[in-house]
Amino acid sequence: MTNTTPDVHYLNCEKGFKSWFWTLDHKRLGLMYMWSVIAAFILGGIFALLVRMELMQPNMGIEENAALYGWSKELGPANLYNHFFTLHGAIMVFLVIIPGIPAALGNFALPMMLGAKDVAYPKLNRFSYHLWLSGAIFFVLALVTKGLDTGWTFYAPYSLTTDTAVVFATTGAFILGFSSIFTGLNMLVTIHKLRPEGMTWFKMPLFLWAIYATAIIQILATPVIGIALLMLTIERVLGVGIFDPTLGGDPVLFEHIFWFYSHPAVYVMVLPAMGVVSELLANFSRKPIFGYRSIAFSSVAIAIFSFIVWGHHMFVSGQSDLVNVVFSALTFSVAVPSAIKVFNWIATLYKGSISLDTPMWYALSVIWLFGIGGLTGLWLGTLGTDIHLHDTYFVVAHFHFVMVGSAIFAFIGGVFYWWPKMYGVMYNETIAKTGTAIAFIGFNLTFLPQFIAGSKGMPRRYFDYAEEFASYNYWSSIGAMTLGVGLSIALYALLKSLMGQRKAAPANPWGAVTLDWQCTSPPPPHNFDHAPPVDGPYDHELVRWNNDLQGYEPVDPVDGDPNLARMGSAKLA
Amino acid sequence: MTTASADAPGHDDDHGHGHDHPKHLAHHFDTLEQQFDSSKLGMWAFLLTEVLFFSGLFVAYATLRANNPEVFSYASSFLDTKWGAINTVVLLISSFTAAMSVRNAQLGETSKLKRNLIITLICAGGFMGIKYVEYSHKWHAGLLPPGLENSMFNPETPWVPEAGHHDADYLNLQRDTMDMAPAERVHFMTTLGRFFGVYFFLTGLHGVHVLIGMGVISWLILRTSRGEFGPDNFTAVDLVALYWHLVDLVWIFLFPLLYLIA
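Chain order of the listed sequences is H and A.
Residue numbering for the first sequence follows my numbering, starting at 1 and increasing by one per position.
Residue numbering for the second sequence follows my numbering, starting at 1 and increasing by one per position.
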């Protein structure tokens with residue numbers, strides 16, 4: 001382990017566009033995923049800001065707003081608002097959050113955490129990324145041709161009759177689904193078959209458990225949305241009569257099949273985020289994570305429960321009362337493993353030696369944001385309150401706390417955590433933390449007022465609203481812009497670290513003991529010659545700070561306490 | 001998935017494997033056994049994905065049939081059980097030869113391997129040929145999804161076949177629905193059309209899988225001709241055979257659900 005950046009590493013071992021586009025290296029693919037996801041996030045974010053600008057004041061048609069904000073007059077009729085929120089949702093879900101952590105950070109970190117040279121199927125991995133690109137192209141086609149105004153859920157029968165580019169969008173989502181399946185399949189097999197000697201299931205870092213649970217959902221649930229979207233496309237093109245009520249089809253059937261995937265998909269988004277948070281909290285508290293096994297099992301439990309709760313999206317879609325009651329009761333079961341995680345995280349902080357580096361700020365933010373997002377979910381799972389809150393801004397605020405507040409914040413936290421490993425540079429902590437703080441404040445300002453507006457009955461997906469909701473929407477829009485500023489500063493902190501005077505990163509800046517920090521920063525092309533010896537993933541006594549390195553180094557069992565390594569192993573065995 | 005074992009890029013450059021690196025071992029695996037197990041596990045996981053992929057359509061079938069059980073069983077009588085049964089036998093034979101080719105590859109019996117793969121491919125082609133005969137009849141007779149223009153179930157402009165030309169099914173339908181009230185008859189016809197919508201969707205998706213299977217089997221035959229398979233390298237044959245068994249299995253469910261409910 002050295003402080004100096006190695007001469008040959010995975011970033012500079014080959015050069016040129018082709019060496020990246022056709023690479024089989026999981027680290028390069030991880031980076032390309034990361035930048036692609038960030039680009040899609042910016043695009044989706046622009047649509048979010050357009051939505052918030054339209055909603056900033058009541059009684060404003062798109063035309064009035066066009067005059068006020070200086071938008072082009074050609075933007076068209078108020079119907080355009082439907083395109084804004086649809087494209088925002090579809091891009092954020094399919095192109096950003098679902099691939100965000102598993103494909104970008106998972107690809108980069110997972111094989112190294114296993115001490116492996118690559119994922120089990122490098123070619124399939126590259127194929128997944130190329131599928132992602134193709135899916136993204138179809139989304140762009142939808143965007144530049146006729147747009148999309150169905151909402152990201154593509155509900156029939158409207159999606160069968162609208163003249164917008166539904167087929168492009170469903171084709172894109174179908175392809176992205178297979179990208180996600182192949183990533184999950186790759187991760188699952190890699191975890192099963194490429195664990196190094198000595199790494200039992202219960203010595204895996206919790207991030208791997210989370211990715212494993214995610215992979216189960218990706219493999220079992222994603223094909224179902226694939227077929228749902230294929231059925232919708234065929235229905236639209238050929239008129240089969242499955243969903244189209246004019247041909248005797250059943251539109252609620254689409255909702256069932258759609259949510260059979262799309263509810264588990266929520267956990268494709270949030271489970272890996274929980275994995276990242278578990279890593280960050282343990283390492284920045286310099287304490288073994290509290291309740292390792294219960295966190296590991298709760299990931300798997302969430303994955304299993306996620307398959308039996310989809311009906312709670314359809315409480316007002318004409319399900320029978322009995323089905324509603326059963327789904328409502330089952331929905332609460334998800335709260336148990338989620339709460340287990342949060343309690344264990346907080347217990348990990350207790351008496352920890354906490355260092356507040358940027359990734360830790362994100363991890364702590366997630367505990368707060370996921371707490372709110374998770375608990376408000378209970379009100380939506382409760383049948384009586386959901387009838388009132390269904391399709392209001394309460395729902396919008398709830399799922400943004402989970403999907404953005406938890407998944408995106410954990411993703412960004414993970415990017416800041418692995419950034420030194422990715423590029424071998426340290427970023428400016430002050431700028432990064434400023435961005436985090438502004439984003440955190442902006443996020444809460446955006447979505448907390450929406451809970452109130454929603455509980456007072458403001459419906460979602462409308463381009464205008466009654467006067468009484470004006471102040472909530474005003475502050476929400478201010479919050480959205482603040483969030484945008486905060487995230488831009490975070491991105492600036494990352495980009496700045498690559499330009500001008502670079503501050504070289506040590507191999508192990510955070511004092512983590514998982515294997516990914518045992519190779520150089522950036523890692524050599526094949527990570528490790530041989531898998532390093534495995535100890536418990538959170539035995540922080542095994543490393544100590546070295547001021548010369550400006551990073552951590554392993555405690556030598558000879559001049560340190562010779563029992564330490566063994567004790568560390570015994571603790572989790 | 002099937003290419004996992006195909007070739008090992010960069011096994012010339014030394015990155016710590018020592019000297020006796022087996023030819024078919026990719027650089028990130030330690031042993032051939034680990035590599036084989038990984039491929040096998042991945043294929044099983046992929047087959048699980050495939051099962052769930054088809055499941056959405058089976059759910060649609062179940063829902064639509066449960067809503068109109070008598071119409072579905074009546075509609076089933078328009079399918080030709082003889083062709084369906086022959087196709088089932090054809091696929092079962094092809095599954096057998098696919099299984100045999102795995103054994104041939106493991107034992108290094110290249111010429112038998114090639115023969116069995118070719119028989120599998122021919123069976124798959126025969127299956128598609130019979131499907132073509134069936135589809136083409138339904139196309140001319142107007143037994144099509146209700147949204148199509150030349151479907152006799154189209155609720156807006158029902159299509160009528162020319163007299164004396166593929167019109168037997170139409171005349172039977174006329175006879176059987178003669179006593180119905182007009183509104184009842186329209187409902188009956190649309191529901192009937194939905195059966196054919198589901199029929200074409202299920203068998204069409206299955207047919208696409210057969211075509212993909214024919215593609216990968218051809219690829220195996222090509223590689224067999226190059227003498228690539230043997231006791232130390234049969235993963236690709238094994239994985240394709242697994243896939244082919246699944247394609248067969250889906251048909252084993254489709255045949256009774258569509259043809260035998262009359």
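None of these hints come from the bench; they were simulated from the model.
Here a beta-carbon is modelled for each residue, glycine too, at the ideal position from N, C-alpha and C.
Treat the hints with care, since some could be wrong.
[Stated by the list, open to error] Short, incomplete list of chain A residues facing chain H, as computed with Cβ under 10 Å:
| id | residue |
| --- | --- |
| 1 | S55 |
| 2 | N67 |
| 3 | P69 |
| 4 | F201 |
Now the hints, each set against the structure:
Taking 10 Å as the C-beta cut-off, the interface hint given for S55 (chain A) holds, the closest approach to chain H being about 7 Å. The restraint placing N67 (chain A) at the interface with chain H holds, with a minimum CB-CB distance near 8 Å, inside the 10 Å limit. A hinted interface residue such as P69 (chain A) counts as satisfied when its beta carbon comes closer than 10 Å to some beta carbon of chain H; here the least separation is about 15 Å, so the hint is violated. Checking F201 (chain A) against chain H: minimum C-beta separation of about 6 Å stays under 10 Å; hint holds.
Hint 3 from the earlier list is the only one contradicted by this structure; the remaining hints agree with it.
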